[in-house]
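Residue numbers (the working numbering): 120 to 238.
Accuracy of the hints is not assured; some may be wrong.
Calculated lysine-lysine pairs in the BS3-like style (CA-CA distance at most 30 angstroms, straight line) [to be verified]:
#1 Lys-203 / Lys-215
#2 Lys-203 / Lys-177
#3 Lys-211 / Lys-123
#4 Lys-215 / Lys-235
#5 Lys-215 / Lys-143
#6 Lys-235 / Lys-211
#7 Lys-143 / Lys-203
#8 Lys-143 / Lys-235
#9 Lys-177 / Lys-123
#10 Lys-203 / Lys-235
#11 Lys-126 / Lys-177
#12 Lys-126 / Lys-203
#13 Lys-129 / Lys-235
#14 Lys-126 / Lys-211
#15 Lys-235 / Lys-126
#16 Lys-235 / Lys-123
Distance ranges between label pairs, derived from CB positions [unchecked claim]:
#17 Ala-131 / Leu-169: 22 to 28 angstroms
#18 Leu-169 / Ser-221: 23 to 29 angstroms
#19 Asn-149 / Ile-201: 17 to 23 angstroms
#20 Arg-152 / Thr-204: 32 to 38 angstroms
Note that these hints are calculated values from the structure, not bench results.
As the structure is a prediction and not an experimental result, all values here were calculated from the model.
Beta carbons are placed, not taken as given, at the ideal position from N, Cα and C, and that holds for glycine.
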Amino acid sequence: MNRKLAKELKAAGFPIQGYQIGHKFFPNENNTRWTDAAREHGVTITNYELQHHLQDIKDGYYCPSLSDLIEACGHSFRRLFIEKTIWTAESKSPEKYAMADSPEEAVAKLWYALRKGDP
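Can you build the whole structure from these sequences, using the hints too?
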């Protein structure tokens, strides 16, 4: 997941149950304690980050897991599939779809479309 999509999820109020080791987050662009590379490419959360940088994680842009994204779509989620290299996530009702290069991005975009009412 890229910074832009993670930022959109946060702005739209994506429900985060808890921050998990192994997930990625993007430090806030105004946080100068992180390198430019960390702000651009993200940081994989370790136990150290959870203990010493929890506020940075909260202030930044968290990348939820695929299962968290599907769960957030609720009963509207229909399926996720890949054709060649493009992942597509579909909903039942309202019927919507989203395509991306990864399954996480496709379902994140679907959740965002369901939340915002976009086609």
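Results for each hint:
{"no.": "1", "hint": "Lys-203 / Lys-215", "verdict": "20 angstroms, holds"}
{"no.": "2", "hint": "Lys-203 / Lys-177", "verdict": "36 angstroms, violated"}
{"no.": "3", "hint": "Lys-211 / Lys-123", "verdict": "26 angstroms, holds"}
{"no.": "4", "hint": "Lys-215 / Lys-235", "verdict": "12 angstroms, holds"}
{"no.": "5", "hint": "Lys-215 / Lys-143", "verdict": "27 angstroms, holds"}
{"no.": "6", "hint": "Lys-235 / Lys-211", "verdict": "16 angstroms, holds"}
{"no.": "7", "hint": "Lys-143 / Lys-203", "verdict": "26 angstroms, holds"}
{"no.": "8", "hint": "Lys-143 / Lys-235", "verdict": "24 angstroms, holds"}
{"no.": "9", "hint": "Lys-177 / Lys-123", "verdict": "16 angstroms, holds"}
{"no.": "10", "hint": "Lys-203 / Lys-235", "verdict": "28 angstroms, holds"}
{"no.": "11", "hint": "Lys-126 / Lys-177", "verdict": "12 angstroms, holds"}
{"no.": "12", "hint": "Lys-126 / Lys-203", "verdict": "28 angstroms, holds"}
{"no.": "13", "hint": "Lys-129 / Lys-235", "verdict": "13 angstroms, holds"}
{"no.": "14", "hint": "Lys-126 / Lys-211", "verdict": "26 angstroms, holds"}
{"no.": "15", "hint": "Lys-235 / Lys-126", "verdict": "15 angstroms, holds"}
{"no.": "16", "hint": "Lys-235 / Lys-123", "verdict": "16 angstroms, holds"}
{"no.": "17", "hint": "Ala-131 / Leu-169: 22 to 28 angstroms", "verdict": "24 angstroms, holds"}
{"no.": "18", "hint": "Leu-169 / Ser-221: 23 to 29 angstroms", "verdict": "24 angstroms, holds"}
{"no.": "19", "hint": "Asn-149 / Ile-201: 17 to 23 angstroms", "verdict": "37 angstroms, violated"}
{"no.": "20", "hint": "Arg-152 / Thr-204: 32 to 38 angstroms", "verdict": "36 angstroms, holds"}
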